[in-house]
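Engineer: The lines below spell out each chain.
2 protein chains.
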Amino acid sequence: MQFTVKAKLQRAMAIFSFLTPVFAAVICILIVMIVQRKRKTKGGGSERKDSIKEPRPWVDEDLQDNTDILTEAGKDDWQDEEEENLQHIPFTGMRYPEKEMVSRSKEFYELLNQRRSVRFISAEPVPREVINNIIRVAGTSPSGAHTEPWTFVVVEDPETKHRIREIIEEEEEINYCKRMGDKWVNDLKRLRTNWVKEYLDTAPFLILIFKQVYGLHSSNKKKTHYYNEISVSIACGILLAAIQNVGLVTVTTTPLNCGPRLRVLLERPVNEKLLMLLPIGYPSKDATVPDLQRKPLEDIMVVV
Amino acid sequence: MQFTVKAKLQRAMAIFSFLTPVFAAVICILIVMIVQRKRKTKGGGSERKDSIKEPRPWVDEDLQDNTDILTEAGKDDWQDEEEENLQHIPFTGMRYPEKEMVSRSKEFYELLNQRRSVRFISAEPVPREVINNIIRVAGTSPSGAHTEPWTFVVVEDPETKHRIREIIEEEEEINYCKRMGDKWVNDLKRLRTNWVKEYLDTAPFLILIFKQVYGLHSSNKKKTHYYNEISVSIACGILLAAIQNVGLVTVTTTPLNCGPRLRVLLERPVNEKLLMLLPIGYPSKDATVPDLQRKPLEDIMVVV
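Those protein sequence lines, which keep their order, are chains A and B.
Counting from 1481, one number per residue, gives the positions in the first sequence under our numbering.
Counting from 1481, one number per residue, gives the positions in the second sequence under our numbering.
Please keep in mind that the hints were generated in silico from the structure rather than gathered at the bench.
Careful: at least some of the hints might be erroneous.
Copies of the same chain are indistinguishable here, so a pair counts whether it falls within one copy or spans any two.
What the hints assert, rightly or not - Straight-line Cα separation of at most 27 Å, DSSO-like style, residue types lysine-lysine; simulated pairs:
(1) K1703 x K1775
(2) K1658 x K1702
(3) K1586 x K1775
(4) K1775 x K1701
(5) K1488 x K1658
(6) K1765 x K1579
Here the structure is a predicted model, which is why all the values come from computation and not from measurement.
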């Protein structure tokens, strides 16, 4: 009896031993799965988009802050908790008669409808006071929890402008090369106009707009700035209106992959990420723009 | 000899069998690791932020489009490839004398610096023509690859406004309850003011701004709109300037978790996601605003 039990035990152990390689195989599969998952998550969760087929080589880690994912225990909306504790004062706004409201709205539309993205900017100097004032205008923008998470870096130093141009053109060239492959070699001349950005040298001012993704407080504690990208983009919109209002031109650019290098060049702190670059000046005499149209009102507005 | 080999083999097998539970344990650990990883990645890759300590219950999947991660083979910058094929026409812009530029920039600052987020909006009617014009202004904004990825839904129907209010207050209440726990019960009255949004009923117009995260083309093929969130936020900035310019008030809101329900209510297509809601009207007679200050120029501008 005892012998039979021992034999059974031995047989069972033999079966287990036999299964050992199976377990090993399962472990290997699991390890592979983990590694794959790791690779996937590196992209920041954007894999859901079916349009993106290959690991993106250009993703600018420095630009990622997932501003869309903005909730945290204790945070809501744009509402500022500190704001709640502030004293409330009566609001007094300007009030225009109806007729004037209509004409003001029409005139503002006519002014802004003349705005175009202009890539040909003259070297002619622009008064610094105008630049100061348009940045003051941008600073009146609303922001999530009134964090005002923006830094406007105004570059007028020719050497710095040129260094910025070098960095941007270098990255652009890499982007084009990677992207175009053979086609690029064949069509070099046409493409060259895409990554050569002369306006970065000629424009009297470059405004680099940084978003502060978190605040640095006295205790060195980070305070996440929710909605920082939306807030700073709104401020850019208001800045564009201010630029158009004084008769200067710009082109809205988001230099790809250049954020970290430009941040270091301009000695901005780690909590700031480049969002946009606007070259500012008068248009060149021979400036041209593509003959594009805007959607009519009925294509952008729905009334319920 | 043969016996010894057999005995050795048996001993080895015994050792392997002995190790079987170890393998099983390792497998269990690996499974747990995978499950944890899965949970983590659900949040969309924002776990890098150390300030977020718990699984966020409010993440609005509908709001996530990772606009920051915008590169794809064949896409660059705001540049439009189709734009390149367009005819180029000479650009003619308005040019003001320097003195006038300075005064225009100053006056525009003074106008926009009076803008405040006002939560007390009168029911007094506002001319529709003014609303049309301010949306026309917003439509002049630049956008990535000139996609103009915005839809402005203007709600004037009182029932729809009330339904919007119900949805937003319901979600807000859930947010507050979840977030505040016991504290909420104790401090109900003060908090109530946070989620009761009377202006959604009283404002003569609500403008709900949707971003089109992709375009739907004839062949039913999706075309991703890169930079759609930044583009639409810029348009919102220009819209805010247009609202201020006619003497109306608004408050910039981003209704949390309400996007999908409001999209369905307003019968917007699946490629549109709610970005912002702006109630528009005259301020109430007793409107108040928190007594907050804006950063001075030297805190937001750096000159290089």
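Engineer: Just pull the numbers of the violated hints for me, sorted ascending.
Structural biologist: Result: hint 5 breaks, nothing else.
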